[in-house]
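Trainee: Listed in order, the protein sequences are those of chains V, C and D. Taking UniProt numbering, the leading residue of the first sequence gets 1, the next gets one more, and so forth. Taking UniProt numbering, the leading residue of the second sequence gets 1, the next gets one more, and so forth. Taking UniProt numbering, the leading residue of the third sequence gets 1, the next gets one more, and so forth.
Heads up, a few of these hints could be off.
Partner residues are not named here, just some residues of chain V that face chain C (Cβ under 8 Å, in silico) [to be verified]:
(1) P16
(2) Y47
(3) Y51
(4) P57
(5) P88
(6) V130
(7) G179
(8) A194
According to the in silico footprint, chain D covers these stretches of chain C (three or more CB under 8 Å from chain D) [said to hold, decoys possible]:
(9) 304-310
(10) 333-341
Hints are computed from structural coordinates only; laboratory data are not their basis. Just so it is clear, CB atoms sit at the ideal spot from N, CA and C, and this is done for glycine as well.
Below are the chains, spelled out letter by letter.
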Amino acid sequence: MRVALFLTCVNDTLYPDTGRAAVRLLNRLGVDVDFPVGQTCCGQAHYNTGYRHEAEPLARRYAEVFGGYDAIVTPSGSCGAMVRELYPRMGERARAEGYGDTLAATLAPVVPKTYELTEFLVDVLGVTDVGAYYPHTVTYHPTCHGLRVLGLGDRPRRLLRAVKGLELVELPGAEECCGFGGTFALKNPEVSAAMGADKVRNAASTGAEVLCAADNSCLMHIGGTMTRLRTGMRPVHIAEILASTEEEPAA
Amino acid sequence: MSGTFVGMPAFPEAAREAVHDTTLRGNLRHATATIRAKRAKAVAEVADWAALREAGKQIKDHTLRHLDRYLVQLEEAVTAAGGTVHWAADADEANRIVADLVKATGESEVVKVKSMATQETGLNEALEAEGIRAYETDLAELIVQLGKDRPSHILVPAIHRNRGEIRDIFRSEMGEWGRPAPDGLTDTPAALAEAARLHLREKFLRAKVGISGANFMVAETGTLVVVESEGNGRMCLTLPETLISVVGIEKIVPTWRDLEVFLQTLPRSSTAERMNPYTSMWTGTSDVDGAATADGPRTFHLVLLDNGRTDTLADEVGRQALRCIRCSACLNVCPVYERAGGHAYGSVYPGPIGAILSPQLRGTRSEIDASLPYASSLCGACYEVCPVAIDIPEVLVHLRERVVQGGVVTERGAKVLLKPAKGHAAERAAMRAARWAFGRPGALRAGQRLASRTRRFHPRTLPGPGKAWSASRELPPVPAEPFRDWWQRTHGGKDGAK
Amino acid sequence: MSSRELILGRVRRALADVRRDDGPYEEAVDRGYLREHGDRSVGRTVGLLAENLADYRALVHRCTDGELPELLARLLAGRGSRTVLVPPGLPPHWLASADATRVQDRAESTPHELDRVDSVVTGCAVAVAETGTIVLDGSPDQGRRRITLVPDHHICVVRVPDQVVSSVPQALERLSPGRPLTWISGPSATSDIELDRVEGVHGPRTLEVVLVGG
Chain V
1 MRVALFLTCV NDTLYPDTGR AAVRLLNRLG VDVDFPVGQT CCGQAHYNTG
51 YRHEAEPLAR RYAEVFGGYD AIVTPSGSCG AMVRELYPRM GERARAEGYG
101 DTLAATLAPV VPKTYELTEF LVDVLGVTDV GAYYPHTVTY HPTCHGLRVL
151 GLGDRPRRLL RAVKGLELVE LPGAEECCGF GGTFALKNPE VSAAMGADKV
201 RNAASTGAEV LCAADNSCLM HIGGTMTRLR TGMRPVHIAE ILASTEEEPA
251 A
Chain C
1 MSGTFVGMPA FPEAAREAVH DTTLRGNLRH ATATIRAKRA KAVAEVADWA
51 ALREAGKQIK DHTLRHLDRY LVQLEEAVTA AGGTVHWAAD ADEANRIVAD
101 LVKATGESEV VKVKSMATQE TGLNEALEAE GIRAYETDLA ELIVQLGKDR
151 PSHILVPAIH RNRGEIRDIF RSEMGEWGRP APDGLTDTPA ALAEAARLHL
201 REKFLRAKVG ISGANFMVAE TGTLVVVESE GNGRMCLTLP ETLISVVGIE
251 KIVPTWRDLE VFLQTLPRSS TAERMNPYTS MWTGTSDVDG AATADGPRTF
301 HLVLLDNGRT DTLADEVGRQ ALRCIRCSAC LNVCPVYERA GGHAYGSVYP
351 GPIGAILSPQ LRGTRSEIDA SLPYASSLCG ACYEVCPVAI DIPEVLVHLR
401 ERVVQGGVVT ERGAKVLLKP AKGHAAERAA MRAARWAFGR PGALRAGQRL
451 ASRTRRFHPR TLPGPGKAWS ASRELPPVPA EPFRDWWQRT HGGKDGAK
Chain D
1 MSSRELILGR VRRALADVRR DDGPYEEAVD RGYLREHGDR SVGRTVGLLA
51 ENLADYRALV HRCTDGELPE LLARLLAGRG SRTVLVPPGL PPHWLASADA
101 TRVQDRAEST PHELDRVDSV VTGCAVAVAE TGTIVLDGSP DQGRRRITLV
151 PDHHICVVRV PDQVVSSVPQ ALERLSPGRP LTWISGPSAT SDIELDRVEG
201 VHGPRTLEVV LVGG
């Protein structure tokens with residue numbers, strides 16, 4: 001099976017540790033993963049801000065770069081949701097606007113082959129115990145697009161529960177949005193910050209050292225809020241926890 | 001819509017004040033948390049919820065696809081049952097029709113059942129201008145009317161008020177409108193409900209004209225349905241001699257049987273009950289064959305309201321908003337609504353549904369309406385609970401496109417070309433630049449490397465538009481090298497950047 | 001052009017892109033939902049009705065046909081009701097033992113007059129077990145809608161099991177849309193203060209339901 005990592009533009013630029021962790025984790029599970037360097041951005045920020053036509057060339061690029069792989073794995077619930085839920089919709093809209101079937105046909109092949117990381121582990125590789133070791137108290141925040149669009153369900157929690165040394169504590173109000181929302185964080189900063197502060201207060205109330213999620217965009221917002229509110233908690237991407245072993249612990 | 005909302009600032013400015021109002025935040029958090037848990041329990045009781053939701057969606061979609069046919073059928077059925085049907089293209093026309101009908105009765109006061117349609121048209125203010133006093137009889141509407149306030153929730157317009165505030169309003173204002181609040185009124189909900197009962201009783205018993213909306217209109221039978229809790233609806237629908245119902249044209253369902261879906265989904269979604277205390281159904285003047293005495297109003301008028309609904313219907317993506325049955329479940333789960341409050345939405349329709357309904361009913365030309373599609377983090381909680389499966393995030397994004405790109409829209413029945421909204425030029429340029437860079441991995445990598453090399457000089461807070469981020473959040477540190485450089489270094493360039 | 005023609009024209013133009021289905025409406029909607037929830041015996045359905053009525057604060061009583069006059073007399077006396085509204089077709093023997101003065105509903109009865117009556121006793125058209133609902137349809141044993149609205153105390157007699165259905169879909173099948181219908185689930189209530197339910201606003205604040213059978 002030819003597997004590609006779609007790291008996403010945010011992770012590539014700001015969170016390379018997540019990318020390295022994903023590669024190490026997949027390699028450890030026997031998956032030979034490739035990083036096609038032609039990849040850039042799925043176009044989510046453009047699309048969700050109202051610039052669908054600016055997102056179209058990025059979607060076409062994604063289809064072109066990843067078309068030859070059997071599976072495309074991404075450590076981002078929202079970028080995964082962009083491909084799986086919104087690429088087909090972009091195709092439909094183009095058709096409805098009289099641009100024919102070309103866009104829909106171009107994007108269709110990559111849609112079902114795109115997996116969010118925890119989905120790929122549980123559904124495709126069939127593992128929940130990935131042999132990880134992470135001796136910390138962790139609380140898990142299910143990010144909205146992973147939860148409601150991809151329907152990740154309890155997959156991330158099942159993976160975390162199998163991690164040696166890890167104590168998983170429930171996050172109060174877990175399913176409530178953290179307030180990031182892409183450009184929402186800039187367009188409605190007051191409401192976004194209030195949502196973030198409530199999320200961080202709920203996380204702090206668990207006594208956990210680490211807040212884990214499967215999307216670094218949300219973690220950037222939550223982590224930035226944590227630092228500002230001086231909670232002493234750390235945001236960590238689930239890939240980094242699952243990649244951590246006794247021999248090679250996470251930083 | 002209601003004149004009280006004209007000139008509202010854009011959503012972010014309006015929300016700013018609410019976010020820092022700790023009483024309001026506390027009131028909203030308490031109320032929405034209560035109802036969320038109850039709704040989840042009420043919905044979990046019925047094993048076929050998903051099937052009911054899908055059927056509700058299909059019934060409404062089918063109705064909208066054949067709306068002209070069902071409107072004509074409804075008109076025939078209502079007329080055959082002794083009612084009179086009027087058509088109002090906009091709010092002014094609806095208000096004028098109602099005012100003329102009231103004046104024809106010779107009355108100068110009316111009692112009202114809570115109705116979103118008449119809130120939308122600003123009927124009370126229009127009647128006041130004609131010398132007719134309209135008494136709101138729903139408890140929450142009464143609180144809003146006495147407090148000279150604006151509604152902030154579809155189901156519970158006074159949700160922004162807590163019991164202490166309500167007691168204070170009753171004490172100071174009831175006397176102005178009729179029977180004053182009892183001496184020593186406490187803030188227990190039971191005492192407040194009792195005060196409302198006493199205050200409104202005299203108005204119900206003497207009322208000659210009632211005004212209502214309707215939750216559903218059945219095309220095949222001409223039956224109207226009002227779903228309520230307090231009994232004020234029954235009072236207004238049965239005691240007066242004349243009943244005037246103002247109803248949006250999208251409230252039709254084709255058949256009697258269709259009610260079996262909505263009478264199960266609406267109560268559980270709105271008040272989180274298996275069934276609401278009272279539901280009234282009447283057909284025209286409700287003459288029962290063989291009954292010795294007439295039951296209910298002798299005269300019934302139905303005013304069918306467009307007011308932007310046909311413009312909404314013309315939009316292929318946005319028309320799904322017309323499936324809405326006004327249950328409020330989307331407001332109650334919305335994290336943005338909980339923190340911004342209902343007033344920030346500048347419309348009688350607040351919350352997620354308001355953010356897609358107001359800019360369609362009113363258009364996106366005003367500042368507030370152009371900002372509403374952005375009043376969401378697109379978390380999708382609203383779509384998840386919607387009992388008619390309105391994909392609110394999809395419509396929000398669609399309306400964002402309309403705001404930033406413009407395009408052909410329908411306004412008052414005519415197709416017009418809408419220009420992109422002002423104030424998005426910098427954003428548009430940034431999106432184009434990002435698209436350009438993301439189209440060229442080489443350019444992207446150059447930018448990433450530049451950021452990495454200069455990272456020690458990055459400020460911890462940002463000026464200008466970036467302040468929106470850094471006012472409340474730290475910036476993430478830029479890593480020493482982007483992932484793609486590490487990959488190239490360690491895995492070699494299997495295929496170099498194009 | 002009339003507003004009627006204007007609006008219908010706008011609707012037709014708005015739907016220009018839409019394919020109309022010409023098939024029968026019965027086939028237009030997937031009604032994969034349940035006709036009733038759960039599979040219960042008749043006795044269990046009546047039990048569920050009692051349970052759900054009580055859950056929304058209706059006072060529920062059960063008796064046999066023979067015991068009904070005594071029970072109604074006791075309920076009226078227990079509340080101290082001196083007057084009781086009687087729909088035109090209420091079976092006369094129901095109130096045979098009651099001391100309260102019967103008040104007939106007349107066409108010219110004003111709301112103020114009704115407001116001075118202590119209680120009302122009616123039958124019903126159907127009762128819905130799953131939701132704890134009684135439905136009145138203006139039949140002679142139920143009378144006009146106003147008589148069960150203005151007095152503060154309503155006693156509703158349900159003949160079990162004949163008048164009991166499990167579900168909302170089954171109730172609608174039994175009802176006639178041409179009649180004025182009132183669905184009642186417990187006494188008047190409101191959620192308007194902090195979205196918390198409290199009983200007792202404008203409708204009858206006390207609802208008693210008598211399940212009579214056998």
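Trainee: Evaluate each hint against the coordinates.
Mentor: Evaluated hints:
1. Because the smallest distance between the Cβ of P16 of chain V and any Cβ of chain C comes to about 4 Å, under 8 Å, the interface hint for this residue holds.
2. Using the Cβ-Cβ criterion of 8 Å, the hint placing Y47 of chain V at the interface with chain C is satisfied: the shortest such distance is roughly 7 Å.
3. Given the 8 Å rule on beta carbons, the hint for Y51 of chain V holds: about 5 Å separates it from the nearest Cβ of chain C.
4. Restraint check, P57 of chain V versus chain C: the minimum CB separation of about 6 Å is within 8 Å; hint holds.
5. Annotation: P88 of chain V was flagged as interfacial toward chain C, and the flag is violated, the nearest CB pair being 12 Å apart, outside 8 Å.
6. For V130 of chain V, the suggested interface contact is broken, since its CB lies about 21 Å from the closest CB of chain C, more than 8 Å.
7. Among the interface hints, the one on G179 of chain V holds; its C-beta lies about 6 Å from the nearest C-beta in chain C, closer than the 8 Å criterion.
8. The beta carbon of A194 of chain V is positioned within 8 Å of a beta carbon in chain C (closest approach about 5 Å), and the interface hint is therefore held.
9. Remark: the region 304-310 of chain C is confirmed as covered by chain D, as 3 of its residues place a Cβ nearer than 8 Å to a Cβ of that chain, reaching the required three.
10. Given a C-beta distance limit of less than 8 Å, the hint that chain D covers the region 333-341 of chain C is violated, as 0 residues qualify and 3 are needed.
Of the numbered hints given earlier, the model fails hints 5, 6 and 10; all others are met.
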